[in-house]
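**Q** The listed protein sequences correspond, in order, to chains A and B.
Okay, so the first sequence: first residue is 1 according to the working numbering, each after it adds one.
Okay, so the second sequence: first residue is 1 according to the working numbering, each after it adds one.
Among the clues, some could well be false.
Said to hold, decoys possible - Quick list of the computed label-pair ranges, beta carbon to beta carbon: (1) ARG236(B) x GLU158(A): 47 to 57 Å; (2) LEU253(B) x GLU37(A): 46 to 56 Å; (3) ASP43(A) x ALA115(B): 18 to 28 Å; (4) VAL34(A) x PRO254(B): 28 to 38 Å; (5) GLU37(A) x ARG72(B): 23 to 33 Å.
Unchecked claim - Cβ-to-Cβ under 7 Å is the rule here; a few derived chain B residues that face chain A: (6) ALA3; (7) PHE74; (8) VAL75; (9) ARG94; (10) ALA108; (11) PRO110; (12) GLN123; (13) ARG165; (14) LEU169; (15) GLY172.
Unchecked claim - Once the Cα atoms are required to be at most 25 Å apart in a straight line, the calculated SDA-like pairs of lysine to any residue come out as: (16) LYS5(A) x GLU37(A); (17) LYS56(A) x SER232(B); (18) LYS14(B) x ARG237(B); (19) LYS224(B) x PRO170(A).
The set of hints was computed from the structure by calculation and includes no laboratory data.
Just so we're clear, the structure is a prediction, and the values are computed from it rather than from any experiment.
Yeah, the Cβ is synthetic: ideal placement off N, Cα and C, and Gly gets one too.
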Amino acid sequence: MTGSKPRIAVLDYGAANMVSISRALAAVGADVVVADEPSALADSDAIVVPGVGAAKPAMNHLRERDLLQPLKAWVGAGRPCLGICLGLQLFFDASDEGDADALGIMAGRTVGLVDAPTLPHIGWNSVEIVRPHPLLEGIPDGTYFYFVHSFAPAPADEGVVVARTTHGKPFVSAVAKDSLYGLQFHPEKSSRAGLQVLSNFLRLVKPATCRTSATEVA
Amino acid sequence: MLARRVIPCLDVDKGRVVKGTNFVNLTDEGDPAELAERYASEGADEIVFLDITAAHERRGTMLEVVRRTASRAFVPLTVGGGVRSVQEMHDVLRAGADKVSFNTAAVAEPELLTACADRFGSQAVVCAIDARRLPQAEGAAQTWEVVTHGGRRATDLDAVSWALRVVELGAGELLVTSMDRDGTRSGFDTDLLAAIASRVRVPVIASGGASGPEDFVTAVRDGKADAVLAASIFHRRMHSIASVKAAMAAAGLPVRPVEEAVA
């Protein structure tokens with residue numbers, strides 16, 4: 001596969017934003033595979049876990065399609081994986097939303113936003129970068145991204161936090177640990193800044209072949 | 001800080017953007033995907049498509065519009081008009097929309113909001129409330145009545161009570177249109193907006209009556225709206241999204257800058 005586009009498997013378990021994420025990834029140069037069963041993960045360079053809504057039905061859908069164990073095994077082997085919104089929340093041990101168990105590949109829980117003036121938190125909000133990370137390369141501190149959620153992860157390990165955002169109280173809006181990345185905002189709906197983050201992700205996945213900058217496509 | 005959103009709304013008939021008055025004298029204004037992409041590049045925070053195609057002619061034309069738009073404009077996309085079931089909402093979301101707005105269908109079948117929210121999450125369910133002022137008795141508080149079918153049909157529903165009810169049923173956002181102001185360019189009905197926004201926790205989108213940038217400021221400041229929607233002032237190039245956002249920023253309201261600096 002060397003020299004070709006990075007091949008990204010977007011998990012299709014019924015999440016509404018799967019299509020938008022696939023299109024945005026394709027726009028920044030990915031070869032996108034819609035994966036609704038385990039065999040679709042073969043030959044992929046990375047997995048993207050989309051998701052909007054509640055954790056429990058999402059976990060059930062992943063289980064029904066036999067994607068749960070392959071996803072855990074993938075991350076366990078240290079292979080690249082990006083979770084977006086609910087996809088990120090699923091990485092943690094459990095969620096307070098509907099009191100659901102999650103994947104447990106990052107320590108901590110998903111909790112409700114505290115003191116939020118409006119709920120759901122819908123709209124563009126600024127992302128404050130906690131520590132420099134290649135995933136947010138080229139993104140100035142305070143850049144606006146699009147959010148749609150009422151819950152956010154509370155990682156047990158502060159070291160995984162890459163960015164925070166404030167709606168009421170500050171919450172974690174980006175995490176990274178080894179090859180595991182998570183975004184609480186929606187890069188696929190965040191215009192040029194969002195495409196830049198997805199482009200950064202492709203470069204992390206396949207450094208040698210991916211030189212596309214979001215500014216060239218947006 | 002959560003930015004206040006500026007949202008252009010496009011009326012779509014048989015796959016083309018149209019404009020006219022009260023759904024008559026419609027003129028072709030171009031391709032929805034192209035216009036949506038242009039607005040996105042000009043700083044629109046979100047795009048709303050209102051499908052005004054007659055039901056019997058619909059046949060997936062809107063899905064194709066959404067599909068093409070979602071491949072080109074990477075901002076949130078809401079589709080209103082004509083969605084009457086969980087399956088239809090599923091199709092619209094799978095085509096690339098992020099939210100569906102319910103209006104007449106919600107009044108006719110309120111449980112539809114719950115069914116859709118259970119399936120796709122409240123954040124994807126917008127309830128559009130078209131409201132008209134009722135004559136006010138001396139000393140009594142102003143009230144508004146919910147109307148449907150583009151304002152032609154009254155419902156007997158009190159707009160504020162209806163707002164509370166639809167939130168309870170699962171709506172994650174309210175698109176509140178003043179039918180007294182819609183199309184008049186005489187400013188938003190900030191009393192109506194505030195009456196609803198002060199009672200619900202979900203975001204309220206103001207609609208109906210925008211004439212200039214200052215109206216966006218009052219809709220947020222006095223109407224307590226989280227987002228402001230307008231159609232004709234943008235389509236006719238009377239005002240740009242940039243000029244609206246500049247006025248909002250000058251008034252101290254948080255907005256997403258039109259030019260995001262991306263290295």
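**Q** Against this structure, judge whether each hint is valid.
**A** These are the hints, each one checked on the structure:
1. A hinted range of 47 to 57 Å for the beta carbons of ARG236(B) and GLU158(A) is consistent with their spacing of about 52 Å.
2. Between LEU253(B) and GLU37(A), the C-beta spacing of about 48 Å keeps the proposed range 46 to 56 Å intact.
3. Under the hint 18 to 28 Å, the C-beta atoms of ASP43(A) and ALA115(B), about 39 Å apart, miss the expected range.
4. Here the CB-CB span from VAL34(A) to PRO254(B) is close to 37 Å, well matched to the stated 28 to 38 Å.
5. Restraint check, GLU37(A) to ARG72(B): a C-beta distance of roughly 30 Å satisfies the suggested window 23 to 33 Å.
6. A distance limit of 7 Å between C-beta atoms decides the matter here; for ALA3(B) the minimum to chain A is near 4 Å, and the interface restraint holds.
7. With a cut of 7 Å, the hint placing PHE74(B) at the interface with chain A holds, because the nearest CB-to-CB distance is about 6 Å.
8. Using the Cβ-Cβ criterion of 7 Å, the hint placing VAL75(B) at the interface with chain A is satisfied: the shortest such distance is roughly 6 Å.
9. For ARG94(B), the interface hint holds, since its Cβ comes within 7 Å of a Cβ in chain A; the closest pair sits about 6 Å apart.
10. Interface restraint check: ALA108(B) against chain A, minimum CB-CB distance 24 Å, threshold 7 Å, status violated.
11. Given hint, PRO110(B) at the interface with chain A, is violated; its Cβ is 20 Å from that chain's nearest Cβ, farther than 7 Å.
12. Residue-level restraint check for GLN123(B) holds (minimum Cβ-Cβ distance to chain A is 5 Å; threshold 7 Å).
13. Nearest Cβ of chain A to the Cβ of ARG165(B): about 17 Å, over the 7 Å cut. The hint is violated.
14. Taking 7 Å as the C-beta contact cut-off toward chain A, the hint placing LEU169(B) at the interface is violated, the least distance being around 15 Å.
15. Residue-level restraint check for GLY172(B) holds (minimum Cβ-Cβ distance to chain A is 5 Å; threshold 7 Å).
16. For the given pair, LYS5(A) sits about 22 Å from GLU37(A) by alpha-carbon distance, which is consistent with the 25 Å threshold.
17. Among the hinted pairs, LYS56(A) with SER232(B) is inconsistent with the structure: their alpha-carbon atoms are about 43 Å apart, more than 25 Å.
18. Straight-line distance between C-alpha atoms of LYS14(B) and ARG237(B) comes to about 23 Å, which keeps the hinted pair within the 25 Å bound.
19. About 22 Å separates the Cα atoms of LYS224(B) and PRO170(A), which keeps this hinted pair within 25 Å; it holds.
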